[in-house]
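Peer 1: As a plain string of letters, each chain reads:
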Amino acid sequence: MRCRKCGKPAVINMRHHKLALCKEHFLEWIVEQTERFIRKYRMFTHDDKVLVAVSGGKDSLGLWDVLWRLGYQADGLYIDLGIDGGFGYSNQSKELTVAFAEERGLKLHIVDVAASYGATIPEMARLTHRGKGKPCSVCGLVKRHEMNRIARDFGYSVLATGHNLDDEAAVLFGNTLTWATGYLVRQGPVLEAAPGLARKVKPFFRFYERETAAYALLRGIKYIYDECPFSVGAKSIYYKKLLNRLEADRPGAKLQFYLGFLRAKEEGLFAQRAEEVVETLHTCPVCGQPTSAPGKCAFCRLVERVEEAKRRRELSDASP
Amino acid sequence: MPAKLILRDKTYEVPHGITIKQALKKLDISAEEVIPTREGELVTEDTRLKDGDVIRLVDVISGG
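Protein chains in written order, with this note's numbering: chain A, 1 to 320; chain B, 1 to 64.
No wet-lab data here; the hints were simulated from the structure. Since the structure is predicted, the reported quantities are computational estimates derived from the model, not experimental observations. It is possible that part of the hints are untrue.
[Stated by the list, open to error] Pairwise CB distance ranges, derived in the manner of DEER restraints:
1) B:Ile18 - A:Pro229: 33 to 43 Å
2) B:Glu39 - A:Leu242: 26 to 36 Å
3) A:Trp179 - B:Ser30: 45 to 55 Å
4) B:Leu27 - A:Arg15: 17 to 27 Å
5) B:Lys26 - A:His17: 22 to 32 Å
6) A:Gly233 - B:Lys26: 24 to 34 Å
7) A:Lys49 - B:Leu27: 13 to 23 Å
8) A:Gly295 - B:Asp46: 53 to 63 Å
9) B:Met1 - A:Asp47: 53 to 63 Å
10) B:Lys26 - A:Ala114: 19 to 29 Å
11) B:Met1 - A:Leu242: 49 to 59 Å
12) A:Val286 - B:Glu39: 27 to 37 Å
13) B:Pro2 - A:Ile221: 43 to 53 Å
Note that CB positions come from ideal geometry on N, CA and C, so glycine has one too.
Whenever a hint applies, use it, and build me the whole structure from the sequences.
Peer 2: Written out as structure tokens, the structure reads:
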């Protein structure tokens with residue numbers, strides 16, 4: 001197979017675009033397309049201070065690399081979750097992220113969850129009995145809170161994440177299966193800022209996961225290849241695999257599914273629900289971040305429960 | 001000599017002469033979920049496997 005632009009041997013064939021490209025033209029294409037999506041969806045401009053949430057994985061490091069190449073003011077945020085999984089998952093991903101930032105001279109914020117809140121993510125889940133043996137819901141809650149906190153505290157106008165099309169299509173698929181309108185309303189490549197809530201964007205949302213992985217490999221970005229040990233059996237992976245079976249028979253099905261959803265939303269699907277969601281937001285009296293119910297937000301309640309559980313444990317350890 | 005396809009810690013042997021796409025189908029591995037590489041270079045699925053070829057498949061799915 002040959003590159004459509006220069007005729008050299010292709011390194012990737014994107015069947016959904018009927019486009020095969022060589023290394024040089026694929027790398028160029030990813031950067032150009034990212035810039036196009038940023039403009040088309042009015043994500044941010046060169047005047048914005050962008051905070052990129054980086055996990056050490058292919059998508060987030062790839063995104064940070066592209067934004068850096070495009071000359072955006074993009075700093076990174078790494079959240080050390082304290083996940084080990086028998087191979088030092090968090091340590092490895094942190095090392096890779098730090099090395100990536102140093103090689104490019106980029107600014108990286110690091111939040112150490114255990115140092116800040118007294119427990120790692122798996123410990124938090126255990127102490128609070130959340131998640132039925134899996135810390136994924138605690139992890140999501142803490143990451144969302146901390147990303148928003150750092151963005152606000154350091155004056156970033158926008159928070160960028162490395163979500164790709166497969167991530168987005170899998171979430172959409174899951175939410176559609178259950179008609180979770182409250183979640184469907186909030187899904188999209190741009191989530192506007194709300195009081196206490198940073199603007200969120202996903203510049204890679206139109207790239208297939210194969211494309212973001214190919215970009216990282218071809219660019220020589222060292223990313224964490226091993227999956228989070230808690231992702232085994234995750235629903236999102238199951239949905240991705242189902243969608244890929246569809247994609248194999250109908251190239252472009254995933255992209256069509258997601259873009260069709262965005263069009264339907266633009267045409268007013270869920271419009272009424274969106275108004276209801278905005279109206280019901282409250283402010284957490286402790287951290288000031290928005291929450292769906294009056295009183296403390298889920299994050300502050302979690303931290304409180306972690307502290308209580310640790311106190312109880314210390315007392316029982318100290319008793320004869 | 002057969003060609004080898006390696007995905008994470010598993011090694012599969014397939015006859016040479018077929019394409020990577022055909023080999024993936026034979027092994028029931030989704031072409032949407034891997035990137036084939038040969039000697040560190042990315043190759044497309046229409047690449048025909050040669051005698052003794054070693055193709056490393058990079059798993060692209062992540063999530064959780």
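Peer 1: If a hint holds in the structure, say so; if it doesn't, say that too.
Peer 2: So, going through the hints one by one against the coordinates:
1. B:Ile18 - A:Pro229: 33 to 43 Å: holds, 35 Å
2. B:Glu39 - A:Leu242: 26 to 36 Å: Between Glu39 (chain B) and Leu242 (chain A), where Cβ atoms are some 33 Å apart, the hint holds.
3. A:Trp179 - B:Ser30: 45 to 55 Å: violated, 28 Å
4. B:Leu27 - A:Arg15: 17 to 27 Å: holds, 19 Å
5. B:Lys26 - A:His17: 22 to 32 Å: holds, 27 Å
6. A:Gly233 - B:Lys26: 24 to 34 Å: holds, 26 Å
7. A:Lys49 - B:Leu27: 13 to 23 Å: Given range 13 to 23 Å: violated, Cβ gap about 47 Å.
8. A:Gly295 - B:Asp46: 53 to 63 Å: At 59 Å between Cβs, range holds.
9. B:Met1 - A:Asp47: 53 to 63 Å: holds, 59 Å
10. B:Lys26 - A:Ala114: 19 to 29 Å: violated, 47 Å
11. B:Met1 - A:Leu242: 49 to 59 Å: Given about 37 Å between the Cβ atoms, the range is violated.
12. A:Val286 - B:Glu39: 27 to 37 Å: The hinted range 27 to 37 Å is violated for Val286 (chain A) and Glu39 (chain B), with Cβ atoms some 56 Å apart.
13. B:Pro2 - A:Ile221: 43 to 53 Å: This hint is violated: roughly 33 Å between Cβ atoms.
Comparing the model with each numbered hint stated earlier shows that hints 3, 7, 10, 11, 12, 13 do not hold.
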